[in-house]
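S.K.: Sequence:
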Amino acid sequence: MTSSPDRHGATVRLSRRRLSQLAAALVVVGAAGPVVSASPAAAGTDGHAWYARARVLAGKDPVLRSLVAALAPGHEVPHPAAPAPIMLFDNVAFLSAGWVSATAVLTDDGIILLDALGSPAEAEDVIVAGLRSLGADPGALRYVVVTHGHEDHFGGAQHIADRYGARVMMAPSDWDLVTRDPSPYAPARDLEIADGQTLTLGGTTLRLYYTPGHTPGTVSTILPVWTGGRRHTAMLWGGLNPPTGVEELRTYRTSIRSFASRMREAKVDVELASHPYDRGLERAELLRRQPCGPNPFVLGRERTQRFMAVMDLMLRGLIEDAEGTAGTGGAGTPEA
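Letter by letter, the sequence shown follows residues -37 to -1, 1 to 299 in mature numbering (1 follows the signal peptide of the UniProt record, and there is no 0).
The hints are simulated quantities; they were obtained by calculation from the structure and are not laboratory data. Heads up, some of the hints might be wrong.
The calculated label-pair distances, taken between Cβ atoms and stated as ranges, are [said to hold, decoys possible]:
{"no.": "1", "residue 1": "Arg213", "residue 2": "Arg252", "range": "35 to 45 Å"}
{"no.": "2", "residue 1": "Gly263", "residue 2": "Pro145", "range": "37 to 47 Å"}
{"no.": "3", "residue 1": "Lys23", "residue 2": "Arg126", "range": "40 to 50 Å"}
{"no.": "4", "residue 1": "Gly128", "residue 2": "Asp71", "range": "17 to 27 Å"}
{"no.": "5", "residue 1": "Asp100", "residue 2": "Pro25", "range": "29 to 39 Å"}
{"no.": "6", "residue 1": "Pro36", "residue 2": "Thr142", "range": "26 to 36 Å"}
{"no.": "7", "residue 1": "Thr288", "residue 2": "Ala32", "range": "15 to 25 Å"}
{"no.": "8", "residue 1": "Asp144", "residue 2": "Pro36", "range": "17 to 27 Å"}
{"no.": "9", "residue 1": "Asp71", "residue 2": "Arg193", "range": "10 to 20 Å"}
{"no.": "10", "residue 1": "Gly191", "residue 2": "Ala229", "range": "41 to 51 Å"}
{"no.": "11", "residue 1": "Asp71", "residue 2": "Pro25", "range": "17 to 27 Å"}
{"no.": "12", "residue 1": "Asn204", "residue 2": "Asp158", "range": "17 to 27 Å"}
For glycine and all other residues, C-beta sits at the position ideal for the given N, C-alpha and C.
Model the full structure from these sequences, guided by the hints.
M.R.: Shown next as structure tokens:
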């Protein structure tokens, strides 16, 4: 028998035969994205069985195991120390405040910044200083793509816009969110992102897709990256922490499946994130220690699809739990 802890400290016991059945029937990655081959009835009356399936699919993969832990109910947001800036790829700089990070895409005609950290001070001390330390000119900042309307992602955007003339981009619904929930660091409304929009600068083209769930206007990105002259294709999921309402969770799961399909079409083999739920900080340090070794952010196409399939399974569990709570009169409100 194999046991694994559930969120209440109990154990979910699975026989070896059952584990084999689950592994064989877990995920079929087809034209419609990750498809879980199990019925809701098989999952029981709450999310435990779906979480168990996610753990089986993650196996011993440290990135996927970290993802399972991050999406499990009751997970606490990590607040690690800020690492030094580092070039993850020849054209991608990683600028981190520890618990939240910004990603700078360097092109021949300027820099596209994905998220801007939580305040003008972080923008100056982490982004601007970090780019300089890596030999890049912060004066080349042309665009700030805000993945969603939470302060830890837009807080430094206006500072960068004011100082360097960069244009700030966000989905319309999250521009509205920023307006409804005012922050002293809120950027002035500027460019609106359309679903599936391309953003090209210096011969580098990013694709921006709506992936609502974390917020109504969360945007996820697919972009080209290079290492040692070899091209790869990366994704950056816009907002990992799921909401709590049933309908919002369903929206989130739909986003996972649609974006997984986009990733497959684009042959994505690199995973990036703005929060350290994916062992991103550990992988950055491994790259710093072993710059000539394999790039730990290159997961390969199969692992990036499994990353999304694990998310899909965890969301099925969260939906099951939320439906049970709603059925007993509990709160089913979306995350603030």
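S.K.: Look at each hint and say if it fits the structure.
M.R.: For each hint, the structure was consulted:
1. In this structure, Arg213 and Arg252 meet the distance hint of 35 to 45 Å, their C-beta atoms being roughly 42 Å apart.
2. Our hint of 37 to 47 Å for Gly263 and Pro145 holds, since their Cβ atoms are close to 43 Å apart.
3. In this structure, Lys23 and Arg126 meet the distance hint of 40 to 50 Å, their C-beta atoms being roughly 46 Å apart.
4. Distance hint for Gly128 and Asp71: a CB-CB separation of about 18 Å, consistent with the stated range 17 to 27 Å.
5. A hinted range of 29 to 39 Å holds for the C-beta pair Asp100 and Pro25, which are about 36 Å apart.
6. For the hinted restraint 26 to 36 Å between Pro36 and Thr142, the CB-CB distance of approximately 31 Å keeps it satisfied.
7. Remark: the range hint 15 to 25 Å for Thr288 to Ala32 is upheld by a beta-carbon distance near 21 Å.
8. Taking 17 to 27 Å as the suggested C-beta distance range, the pair Asp144 and Pro36 conforms, at roughly 25 Å.
9. With their beta carbons about 18 Å apart, Asp71 and Arg193 fall inside the hinted range of 10 to 20 Å.
10. Between Gly191 and Ala229 the C-beta distance comes to about 21 Å, which lies outside the given range of 41 to 51 Å.
11. Judged by the Cβ atoms, the range 17 to 27 Å given for Asp71 and Pro25 is violated: they are separated by roughly 35 Å.
12. Hint check: Asn204 to Asp158, Cβ distance near 21 Å, so the stated range 17 to 27 Å holds.
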